[in-house]
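Residue numbers 47 to 238, in the numbering used here, belong to the letters of the sequence shown in order.
You may find that some hints are simply not true.
[Stated by the list, open to error] Pairs of lysine-lysine residues, derived as BS3-like cross-links and limited to a Cα-Cα distance of at most 25 Å, are as follows:
(1) Lys217 with Lys194
(2) Lys205 with Lys119
(3) Lys217 with Lys115
(4) Lys205 with Lys115
(5) Lys115 with Lys101
(6) Lys115 with Lys194
(7) Lys58 with Lys101
(8) Lys194 with Lys119
(9) Lys194 with Lys107
(10) Lys119 with Lys101
(11) Lys119 with Lys217
(12) Lys101 with Lys205
(13) Lys58 with Lys115
(14) Lys107 with Lys217
(15) Lys205 with Lys107
[As the list claims (entries may be wrong)] Here are the simulated distance ranges between beta carbons:
(16) Asp179 with Pro228: 32 to 38 Å
(17) Tyr54 with Arg136: 27 to 33 Å
(18) Met190 with Gly125: 33 to 39 Å
(19) Ala202 with Arg136: 32 to 38 Å
(20) Glu120 with Thr164: 23 to 29 Å
(21) Leu212 with Ala139: 29 to 35 Å
(22) Arg207 with Ala83: 21 to 27 Å
Simulated from the structure, these hints should not be mistaken for laboratory data. Backbone N, C-alpha and C fix where the C-beta goes; we use that ideal spot for every residue, glycine too.
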Amino acid sequence: MEELEGVYRYLKTLVADFRPEDLGSLADSVRREVFPARSTVFREGDRYRKVLFLKRGLLKKSYATEDGKEFVKEFVWEGQSTTPYAAILRDEACTYTMEALEETEALSVEYDAIEALTRTNPRWLAVAKRLADFHFLNREDREMELLKFSAPERYARFKARFPHLLGRLRKQDIAAYLGITPVSLSRLEGRG
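Build the full structure now, drawing on both the sequences and the hints.
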């Protein structure tokens, strides 16, 4: 199954000794999904228990305040995986919305199918640990940026860390990620 080959290659980057046979019963759980540009994958309040492995496209995770202001949590692009990890661990509804900014093709697997494999296969347990580590490090970096750096510094770091996203994102999405208004972002861009 071509879909599994992509998942296998991704998992092999996480755990070097991961083997094709480690995919086991996961083959029955993998589904190809295509999300049109500007479509919603899930909304705040939904219960979503899938892990997505992005083949192509770009996703945005964001919070919205009651008055409609948006704060972007993170972006996810091809070659990465994502899931509403905290909501799954707490067995709660999602606290943010995930939207496809571009047409996005992903392979989806139910979280419970992966969780079951971690109980019987040490390489799957290693995969789960690497994914949790990746999630933790991203959160740590994001928290530090928001608490420690000024808006100009956050923007400079964004451009340095994500140059491949600059032409793919709307200014308002970058501003919402940086925690500033689009007008403030325009001023920062004007500085050069």
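Structure-based check of each hint:
| no. | hint | result |
| --- | --- | --- |
| 1 | Lys217 with Lys194 | holds (23 Å) |
| 2 | Lys205 with Lys119 | holds (16 Å) |
| 3 | Lys217 with Lys115 | holds (15 Å) |
| 4 | Lys205 with Lys115 | holds (23 Å) |
| 5 | Lys115 with Lys101 | violated (30 Å) |
| 6 | Lys115 with Lys194 | holds (22 Å) |
| 7 | Lys58 with Lys101 | holds (15 Å) |
| 8 | Lys194 with Lys119 | holds (17 Å) |
| 9 | Lys194 with Lys107 | holds (22 Å) |
| 10 | Lys119 with Lys101 | holds (21 Å) |
| 11 | Lys119 with Lys217 | holds (15 Å) |
| 12 | Lys101 with Lys205 | holds (23 Å) |
| 13 | Lys58 with Lys115 | violated (39 Å) |
| 14 | Lys107 with Lys217 | holds (16 Å) |
| 15 | Lys205 with Lys107 | holds (19 Å) |
| 16 | Asp179 with Pro228: 32 to 38 Å | holds (34 Å) |
| 17 | Tyr54 with Arg136: 27 to 33 Å | holds (30 Å) |
| 18 | Met190 with Gly125: 33 to 39 Å | violated (24 Å) |
| 19 | Ala202 with Arg136: 32 to 38 Å | holds (35 Å) |
| 20 | Glu120 with Thr164: 23 to 29 Å | holds (24 Å) |
| 21 | Leu212 with Ala139: 29 to 35 Å | holds (33 Å) |
| 22 | Arg207 with Ala83: 21 to 27 Å | holds (24 Å) |
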